[in-house]
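Chain residues, written in single-letter form:
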Amino acid sequence: MVYSVGINDTNTNKFNHVTFGSEQKEKNKTEAQDTLLYEEKKKHPLTTGLKIQADKFINACTRYPKKGLEGSKNSNFYEFLTMGMVPYVVGSAMMIAVFNLASKFFETPAAVSASKLGKKMGIGVIAYGLAKTFSKKLIEVPLNLRYGIDVNLPYKKVVHELPDKDNLNNLVTHEYHKAFESVDFPRWDLFYNNDNYGKERESYYKKVGKKMGLSDKDLEHADQKVKPIIKEKVVKTKLFSTLSSYLWAATAVGVSMQSPWENLVVNPAKRIANFKNYRKLAHIAKEEGRKIAKYDNFAKELGQKFVASCKEFFNNSSKTTRYAGRILLGSAVAMTLLGNFSTLFNFNKNRGVKPNASTSLIDEKREKVVC
Amino acid sequence: MTNILNTIIANQNISPSQAMDNKPLPAFTFDTNGKVKPKEYKGHLLPSRIFGSPIEYAKDLKKDIVSIGKAAKGQANDYELGRINDLGMKLGALGLAAYLFVKNPLKLSKAMEFAGFGTFFASMALWPKIAIQAPIKARTGVDIHQKYIDSQGRKKMLFQDPQYVLTDLYSKEQLEKMGDKLKVSKNLPDRDNFIKQRAQKTALQGNTLWMMTAGVATPVMSALACNRLEKPINAIIEKYDLSSSARAVENIGNKGLLSKIKEYFNAKSLEKLLAKNADKPLNDKLIAKIASKIGVQANSASIQAAIQDELKALRTPGTLNETSIINLLKDRIPDLSALPQAQKDALNKAISEGSIPKIADILSKVTGSSKREQVKLAREFSAILTEAKNKAAVPSLSQVSDKIRTLAANVSEFASKKSVLDRFISARVGDKSGTYIANQWGKVSERVIKSLKLSGKELKSVSEGNVEILMERLSDLASQDAKFDKVVQDLIKLIGDYETKTGSSFTTTVKETAENICTAAGGEFESKGFKRLAQSVSDAAKKGTVENIINVNTAERITGAQSSFYRLIQSLDLFRAIKEGTLTTRISKILTENGQSADSASVQRIVEACKKVIMDATTTDYVEKLKSSGFGLSEGEYKTVMKVLFDSESESAIEASLKRTVGSDRASELLKGFKAYKKEFMDKIANWQNGMTSDLARCTVDGVTNGANAVERNNLAGKPISNFFKDTAKKVYNSNKWLKIFGGTMLALTAVTLIATLVIGKKSKTEKQAEEQQKTNG
Numbered sequence: 006m007v008y009s010v011g012i013n014d015t016n017t018n019k020f021n022h023v024t025f026g027s028e029q030k031e032k033n034k035t036e037a038q039d040t041l042l043y044e045e046k047k048k049h050p051l052t053t054g055l056k057i058q059a060d061k062f063i064n065a066c067t068r069y070p071k072k073g074l075e076g077s078k079n080s081n082f083y084e085f086l087t088m089g090m091v092p093y094v095v096g097s098a099m100m101i102a103v104f105n106l107a108s109k110f111f112e113t114p115a116a117v118s119a120s121k122l123g124k125k126m127g128i129g130v131i132a133y134g135l136a137k138t139f140s141k142k143l144i145e146v147p148l149n150l151r152y153g154i155d156v157n158l159p160y161k162k163v164v165h166e167l168p169d170k171d172n173l174n175n176l177v178t179h180e181y182h183k184a185f186e187s188v189d190f191p192r193w194d195l196f197y198n199n200d201n202y203g204k205e206r207e208s209y210y211k212k213v214g215k216k217m218g219l220s221d222k223d224l225e226h227a228d229q230k231v232k233p234i235i236k237e238k239v240v241k242t243k244l245f246s247t248l249s250s251y252l253w254a255a256t257a258v259g260v261s262m263q264s265p266w267e268n269l270v271v272n273p274a275k276r277i278a279n280f281k282n283y284r285k286l287a288h289i290a291k292e293e294g295r296k297i298a299k300y301d302n303f304a305k306e307l308g309q310k311f312v313a314s315c316k317e318f319f320n321n322s323s324k325t326t327r328y329a330g331r332i333l334l335g336s337a338v339a340m341t342l343l344g345n346f347s348t349l350f351n352f353n354k355n356r357g358v359k360p361n362a363s364t365s366l367i368d369e370k371r372e373k374v375v376c
Numbered sequence: 073m074t075n076i077l078n079t080i081i082a083n084q085n086i087s088p089s090q091a092m093d094n095k096p097l098p099a100f101t102f103d104t105n106g107k108v109k110p111k112e113y114k115g116h117l118l119p120s121r122i123f124g125s126p127i128e129y130a131k132d133l134k135k136d137i138v139s140i141g142k143a144a145k146g147q148a149n150d151y152e153l154g155r156i157n158d159l160g161m162k163l164g165a166l167g168l169a170a171y172l173f174v175k176n177p178l179k180l181s182k183a184m185e186f187a188g189f190g191t192f193f194a195s196m197a198l199w200p201k202i203a204i205q206a207p208i209k210a211r212t213g214v215d216i217h218q219k220y221i222d223s224q225g226r227k228k229m230l231f232q233d234p235q236y237v238l239t240d241l242y243s244k245e246q247l248e249k250m251g252d253k254l255k256v257s258k259n260l261p262d263r264d265n266f267i268k269q270r271a272q273k274t275a276l277q278g279n280t281l282w283m284m285t286a287g288v289a290t291p292v293m294s295a296l297a298c299n300r301l302e303k304p305i306n307a308i309i310e311k312y313d314l315s316s317s318a319r320a321v322e323n324i325g326n327k328g329l330l331s332k333i334k335e336y337f338n339a340k341s342l343e344k345l346l347a348k349n350a351d352k353p354l355n356d357k358l359i360a361k362i363a364s365k366i367g368v369q370a371n372s373a374s375i376q377a378a379i380q381d382e383l384k385a386l387r388t389p390g391t392l393n394e395t396s397i398i399n400l401l402k403d404r405i406p407d408l409s410a411l412p413q414a415q416k417d418a419l420n421k422a423i424s425e426g427s428i429p430k431i432a433d434i435l436s437k438v439t440g441s442s443k444r445e446q447v448k449l450a451r452e453f454s455a456i457l458t459e460a461k462n463k464a465a466v467p468s469l470s471q472v473s474d475k476i477r478t479l480a481a482n483v484s485e486f487a488s489k490k491s492v493l494d495r496f497i498s499a500r501v502g503d504k505s506g507t508y509i510a511n512q513w514g515k516v517s518e519r520v521i522k523s524l525k526l527s528g529k530e531l532k533s534v535s536e537g538n539v540e541i542l543m544e545r546l547s548d549l550a551s552q553d554a555k556f557d558k559v560v561q562d563l564i565k566l567i568g569d570y571e572t573k574t575g576s577s578f579t580t581t582v583k584e585t586a587e588n589i590c591t592a593a594g595g596e597f598e599s600k601g602f603k604r605l606a607q608s609v610s611d612a613a614k615k616g617t618v619e620n621i622i623n624v625n626t627a628e629r630i631t632g633a634q635s636s637f638y639r640l641i642q643s644l645d646l647f648r649a650i651k652e653g654t655l656t657t658r659i660s661k662i663l664t665e666n667g668q669s670a671d672s673a674s675v676q677r678i679v680e681a682c683k684k685v686i687m688d689a690t691t692t693d694y695v696e697k698l699k700s701s702g703f704g705l706s707e708g709e710y711k712t713v714m715k716v717l718f719d720s721e722s723e724s725a726i727e728a729s730l731k732r733t734v735g736s737d738r739a740s741e742l743l744k745g746f747k748a749y750k751k752e753f754m755d756k757i758a759n760w761q762n763g764m765t766s767d768l769a770r771c772t773v774d775g776v777t778n779g780a781n782a783v784e785r786n787n788l789a790g791k792p793i794s795n796f797f798k799d800t801a802k803k804v805y806n807s808n809k810w811l812k813i814f815g816g817t818m819l820a821l822t823a824v825t826l827i828a829t830l831v832i833g834k835k836s837k838t839e840k841q842a843e844e845q846q847k848t849n850g
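As given, the protein sequences belong to chains X and G, one line each in that order. The numbering used here puts the first residue of the first sequence at 6, with every later residue one more than the last. The numbering used here puts the first residue of the second sequence at 73, with every later residue one more than the last.
Keep in mind the hints are simulated off the structure, nothing from the lab. Hints are supplied without guarantee of correctness; some may be wrong.
To be verified - Heads up, incomplete: computed chain G residues facing chain X, CB under 10 Å, no partners named: (1) Leu168; (2) Leu172; (3) Phe193; (4) Ala197; (5) Lys201; (6) Gln272; (7) Thr280; (8) Ser468; (9) Thr817.
Quick reminder that beta carbons are idealized off the backbone N, C-alpha and C, glycines included.
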């Protein structure tokens, strides 16, 4: 039985065929098929995500707005959501600018106080983004290590657009999604017959099932058994990683509001000049056989200030501020641990029972809703 | 296998025209042989509102909380997870605002944290509504953010997914209305479809515009809103501080109120210290630690010193030492080998009674078997006594801890009352931003600088210390009756309010409350045996020197600001007199009286000198009798300038203006204060001779001098007008610059966005052709 998904595109003459029958394993994998980026992520764990984000951001600034403003019939929800990156990035830059740009024109000492606040706000905006992104990993990575469920596993989706007045031929485009981005409709199909996980049709599900400790009998229908569990874990991961990420982000901004950041020198031109000067001095010192102190680069200074700020945040001289900070940090840690606890252990023993096979596509006893 | 749903639909008697009908498709009804029994849909559009109702928000919040519960069990769907994300973002921001609220010391900063949180989310929601949604709806009838509830009760945006728009939810009337505004040709056979497509396209364009502009609009709009909110929030805080601190002073004896005060003594911290050092002797180091724990809230050096004295007093030998001596003797009785049994028993009895005199008596009557033994016994006893005496002199902390607790409780009571008074004073004349005096100063400064109508460049120039422009503008202002009157009126109003709030009623309240606090505390300390502390506060109350205890410099701060206000009035008065020509007349008269030449050059030189003195002179310049520091006045000129500016009997040029603006009564009242200020200035500064060289000492107007210390003189001199305007101009310039950059950005963005909304939803050439084609095809 072959169930056809997608549109027959006469221009490309390529089909999207996803097979569910074990005996009819897909033979004709083509570029026109949605593909998991498992190998790419395995080979380049850091750059794959960055490349995808860069591609999305470029499109969000160029192609998608053009299509959207023209009212193209090919614009879709993915493009709308991807364009959401623009206000996020531009907004962050504007937040920094609001507190820093005007201080350039201020006279001292107004400039000094404005600059102090501006630096802290600038660091705060960056810290917010970083903490929000990376704190999610604290829940996602352990889940992946424990069960092999990568909630961020990307796939490249092939989209066949409708021809329009300006574009009649180049109708195939791609989008980057995550296999588990929708908990209602995870892309289970992409894991079937996927050579990256093994030779068998259900290799991925068996692999996950084994990690979950399923019996050999259960592993015979691993996909039926494992899918509900994966779905449950993905939902929990999304819940706790989302909630904890905002708490971590708030904590990071709290750390950024501490006094050590006030005297951070950002001025890149000055830094380059200082570094050049240092190299000259180091060269002279070397010739004279002297040693001079190691150059404090920007990263090192950032690190030092970060450590000092964390200390101030945790041990603030004001009792109420100290406790407020600790509560904020504590809630972020607690939410993360709760997320780990909830996703790494199995609680529901009755879940994942294989349902009885339906003889009809639609159960007549159930009420259906159109919209 | 064919799609069963399609088969069913195909088998129904629903014609294509019926399917394309404008009414929503009827619910499918099949007999029992059919496979599908769809329920009639419940999805419906929601009314468009700028602000949602609080009940709706509460309902949604309840649903979100339920969703979190479901998600924690791993059962939530995409919609619920999306809403949890929005909720998490708000909770995170709220948590951060709460942290920054606690962290910021100033009330205004605290309030602004929540204002920032509120305005950010409000801007995020309002920008698309005001700048995009509303104009597009007004022009095209399409609400691009139209919301609907689906049959599962999920609230969604109708046009969020351009590939899945439930335009069927619109009624025929709604579609027709929209079509008319979208200028879709009438009488098209398939008009509704055209309307739906155009609506979808309009929404897509609008939503794209929203995504492209929100990044700039939200933070800038939020920052501008915060900027605008700062003043009203500050005014509310000021009002609250003034009234609540006044109420607290009225109820200063109320125990409930005192216990609520945060500064109330932290007993836990003292208990910790007492427990940790219970066995340690009460040495100087420990005394300092305890004193700082007890006295830190009192925030007064003399109280701190008195507390140390009280603690030291606990070490002196006294009744407490008896216990130590007796304990020591008890331990050493077996050592007294030479003591006969009878006397040993008597001694034991005396020890158990705890009577030192009895013990001493027994021991003095000890008769040993030999003289040698007696001497030995006497030596042993002496050693014991010395040891006991030494030990008793420095008791362990546990022995005096109760006394320390009583001391702490009494000091904390005093400190709490004092903090109530401190807050009352601070809210009015505190040396920090946000207090009444600081706010009033800000209002006066802004009002005056605004009246000068300085351009951006001039403002910058003044902020850099350019006095020429300033004087020019002051002259302009003085020459325009209506404007001058308005400025004077506004200033008088502000100064009048200042005088009321910091006048005699305020100073009397402070003085009386301070004395009452000290008297009450003195009595309380006395009754508990803390004589040194009692003396310290009672003396202050008796001698009227509570300032030393309460640490208030209210009078100085009040005079300082008042003098600066008067100096401002004086500058307006001077420029008005110059414009009216009365100043030159007065100068000529004074010069003639003094037997000096009153030619126009001399008069003009005095006029310029007067201007310069008002603008620039500081207390230091006055100390040097304006001989140096760029003034270079001769003795005669000094006398003339001082007489012109500070002769309280001379006429005032703003008198007429004052009468016009505030009426004769208020005018004469103000002039009374103004004259008193001039007189005081003349007495304490212009005629000042003490400690000067004979050259300088000669520079007085009438030779009469009244003593004033340096602080008084400094306060009386007020802030030089050039400095006043320099600081104010700098503040205004910075604020304007910031506003120009971001206000300009916002303005430009709004303009571009609004222009863009005019193009959005327009009929394209292809759409026109399609319409024409259908018209032709009929």
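For each hint, the structure was consulted:
{"no.": "1", "hint": "Leu168", "verdict": "4 Å, holds"}
{"no.": "2", "hint": "Leu172", "verdict": "6 Å, holds"}
{"no.": "3", "hint": "Phe193", "verdict": "13 Å, violated"}
{"no.": "4", "hint": "Ala197", "verdict": "13 Å, violated"}
{"no.": "5", "hint": "Lys201", "verdict": "15 Å, violated"}
{"no.": "6", "hint": "Gln272", "verdict": "8 Å, holds"}
{"no.": "7", "hint": "Thr280", "verdict": "3 Å, holds"}
{"no.": "8", "hint": "Ser468", "verdict": "30 Å, violated"}
{"no.": "9", "hint": "Thr817", "verdict": "8 Å, holds"}
Hint violations for this structure: numbers 3, 4, 5 and 8, all remaining hints satisfied.
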